[in-house]
Amino acid sequence: MNDFLSLLPLLVTCCGAIVLMLLAALEKYRPESGALLSLGFLAAAFFLQLSTLGEPARPLFRELFNGMASTSGFSAAAGAIVLACAFFTVMITHTYFKENSFATLEFYAVLLFAVCGMLLLTLASELICAFIALEIMSLAVYVLVGFNRNSLRATEALFKYLLLGAFAGAFFTMGTALVYGAAGSTRFYDIAVFTQSGGASAPLMIGGVFFLLVALLFKAAAFPFHAWVVDVYDGASVPVTGFMATALKTALFALFANFLAQSAGLHDKWITFLFVISVMTMFGGNLIAIGQDNLKRMLAASGIVHSGYLLIALVAISADQFSGSVIAYYLAAYGAGTLGMFAALSYLGGKDERRVSFEDFKGLAKVRPFSAAAITVFLLSMAGIPPTAGFMGKFYVITAAINADHIALAVLGIVSSILSMWYYLRLIVLMYFHEAEEGFDTGRCGWAGTGTAILVASVFVIGIYPIII
Amino acid sequence: MNTELLFNGFAILAVLGAVGLVLFRHPMNGAMSLVVTMVALAGLYALLSAKLIFALQLIVYAGAIMSLILFIIMFLNLQEKDLPEESGRWYYLLGGVVVIAPIALFLIKIVKTLPGSEATIVGGGFGGIKEVGLVLFQDWLLPFEIVSILLLIALVGAVVLAGKRRLGK
Numbered sequence: 000m001n002d003f004l005s006l007l008p009l010l011v012t013c014c015g016a017i018v019l020m021l022l023a024a025l026e027k028y029r030p031e032s033g034a035l036l037s038l039g040f041l042a043a044a045f046f047l048q049l050s051t052l053g054e055p056a057r058p059l060f061r062e063l064f065n066g067m068a069s070t071s072g073f074s075a076a077a078g079a080i081v082l083a084c085a086f087f088t089v090m091i092t093h094t095y096f097k098e099n100s101f102a103t104l105e106f107y108a109v110l111l112f113a114v115c116g117m118l119l120l121t122l123a124s125e126l127i128c129a130f131i132a133l134e135i136m137s138l139a140v141y142v143l144v145g146f147n148r149n150s151l152r153a154t155e156a157l158f159k160y161l162l163l164g165a166f167a168g169a170f171f172t173m174g175t176a177l178v179y180g181a182a183g184s185t186r187f188y189d190i191a192v193f194t195q196s197g198g199a200s201a202p203l204m205i206g207g208v209f210f211l212l213v214a215l216l217f218k219a220a221a222f223p224f225h226a227w228v229v230d231v232y233d234g235a236s237v238p239v240t241g242f243m244a245t246a247l248k249t250a251l252f253a254l255f256a257n258f259l260a261q262s263a264g265l266h267d268k269w270i271t272f273l274f275v276i277s278v279m280t281m282f283g284g285n286l287i288a289i290g291q292d293n294l295k296r297m298l299a300a301s302g303i304v305h306s307g308y309l310l311i312a313l314v315a316i317s318a319d320q321f322s323g324s325v326i327a328y329y330l331a332a333y334g335a336g337t338l339g340m341f342a343a344l345s346y347l348g349g350k351d352e353r354r355v356s357f358e359d360f361k362g363l364a365k366v367r368p369f370s371a372a373a374i375t376v377f378l379l380s381m382a383g384i385p386p387t388a389g390f391m392g393k394f395y396v397i398t399a400a401i402n403a404d405h406i407a408l409a410v411l412g413i414v415s416s417i418l419s420m421w422y423y424l425r426l427i428v429l430m431y432f433h434e435a436e437e438g439f440d441t442g443r444c445g446w447a448g449t450g451t452a453i454l455v456a457s458v459f460v461i462g463i464y465p466i467i468i
Numbered sequence: 000m001n002t003e004l005l006f007n008g009f010a011i012l013a014v015l016g017a018v019g020l021v022l023f024r025h026p027m028n029g030a031m032s033l034v035v036t037m038v039a040l041a042g043l044y045a046l047l048s049a050k051l052i053f054a055l056q057l058i059v060y061a062g063a064i065m066s067l068i069l070f071i072i073m074f075l076n077l078q079e080k081d082l083p084e085e086s087g088r089w090y091y092l093l094g095g096v097v098v099i100a101p102i103a104l105f106l107i108k109i110v111k112t113l114p115g116s117e118a119t120i121v122g123g124g125f126g127g128i129k130e131v132g133l134v135l136f137q138d139w140l141l142p143f144e145i146v147s148i149l150l151l152i153a154l155v156g157a158v159v160l161a162g163k164r165r166l167g168k
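The listed protein sequences derive, respectively, from chains Z and P.
Position one of the first sequence corresponds to residue 0 (numbering that gives the first Met the number 0), numbered consecutively onward.
Position one of the second sequence corresponds to residue 0 (numbering that gives the first Met the number 0), numbered consecutively onward.
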């Protein structure tokens, strides 16, 4: 029964997706009703997910599923974050589509399918299931990226993402095959048993895990595979970019951590590799972000930097007592800040996303004081200034690194955090200390405004919560 | 000895087919070249005693899916003038080879560590319909079920990206 409860959020979202898909065939439903319906399904799934948070870690339906899906406190938390991100994304789209009219009901169906894939990804404890979940999520996100067919940039972004994503999928299957060849099973548990007894150094295992990591790092936009992310985030519409930057990353790092944390043998073997990748990701991302003049491109690049911090957390986890709380907390904090930025952008961007560069936001504080204040909060949270959630997230990641005796990594993390202040604070300075050049004819805030307000509150609540508890 | 010869033959054919798919300028030639790869893969499955997969590979992939692809290419009626200008493609190819070569060497090194073994015919009905069905519906139930979501989203996605759209409704 409890196993069923853990699967229920997934089933609810899947039903929601199918209902929306069927309704899309009827003429009389407008996209607004699609937004309402998906908000309902996502809220129901979210509260069901919350009710499973305290459940112990265990395989789901051991007899039926053969240990291919399992849940834990970390998986449940990651699922809740994914659902919350999707909920706010739908709120954002509701307002965004008033100014940018390419909405159809199918948009919401595809979005819910993507959430299905992400929830499956958090539950997967077997490589083939993980691959299918990854592909469900990726296919849905490709469609969302290219949804605006009138925009050449969106089509270009779709094309790039699709081709490179197919490469990553191929690497994942290749890695799965090699790991199966070495360990004789694709279940995380069996792989852990195999690597525990020195199997992590078997040539097949090294090759397999290498290809798996390449695929996962590609999807996470880590250093050598980050080139696509700036163009794709820039080409996709604002709500989709926000969704990709938060929900997709959460689901992916859930799988990443679940896979690596299963066995100390595997984790120890790859720690140096991950160490180098995380440092390169942080500094490479900062370097790209500093050079950007376009707000969405800057946020994409800062997403790369945040992937770097999450990789620090992955380096620092110990397989013996893995709870994933640091990673889940960081993902929640980062998700609130980033989605908030995109929520504000969705109604400040104007018709067809005219307002995109830093210069366009000059003097925003005079015209829209509340929006400017909200953006300031989100930027400060991403930069890691107390008492916001972003600060606590970085604090936990860096203390985890120190506890795991990776002092160098912790120091580099702090240096990168200071570097990143440059591009976050630049926007704040432009908003507050410059005069507006043109009139700000922005749309009404609508639901995105409400979403922004809730996210501002949650940035503080998530930031203060660990102090009170 | 025979199996090794067969394996090498099929493997070389499969790779040549894939290379042809990339190199042929006209999509029709590329598709025909893909058929070679598909059939060669079916041969490899047969060598593994995977009877059902061998048949499915021939019927579904080399048969049904390839004829669909060929049908669509013929339907588009591509002429020489419709094909894009690909002036620098040999340079791109060279770059690709340079990038792929280390990975290939890495893989070859891994494969060389494998102990050699004699090929034998697997008994016990391995690879038959009944055995594959039992494994599929007992051990691999969850992946089998979630593939249905994958196929559904692929369909919906194709309709959304390519279908007619009623905007503002």
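Hints are computed from structural coordinates only; laboratory data are not their basis.
Heads up, the beta-carbon is just placed ideally off N, CA and C, and yes, glycines get one too.
Do not take every clue at face value.
Reference excerpt, derived from the structure (chain Z facing chain P, CB under 7 Å, subset only) [said to hold, decoys possible]:
1. Leu21
2. Ile270
3. Phe274
Partial list, derived from the structure: chain P residues whose beta carbon lies under 8 Å from chain Z [stated by the list, open to error]:
4. Leu82
5. Glu84
6. Gly132
7. Leu133
8. Val134
9. Pro142
10. Ile148
### Task
Enumerate the violated hints, using their earlier numbering and listing them in ascending order.
1, 2, 3, 4, 5, 6, 7 and 8
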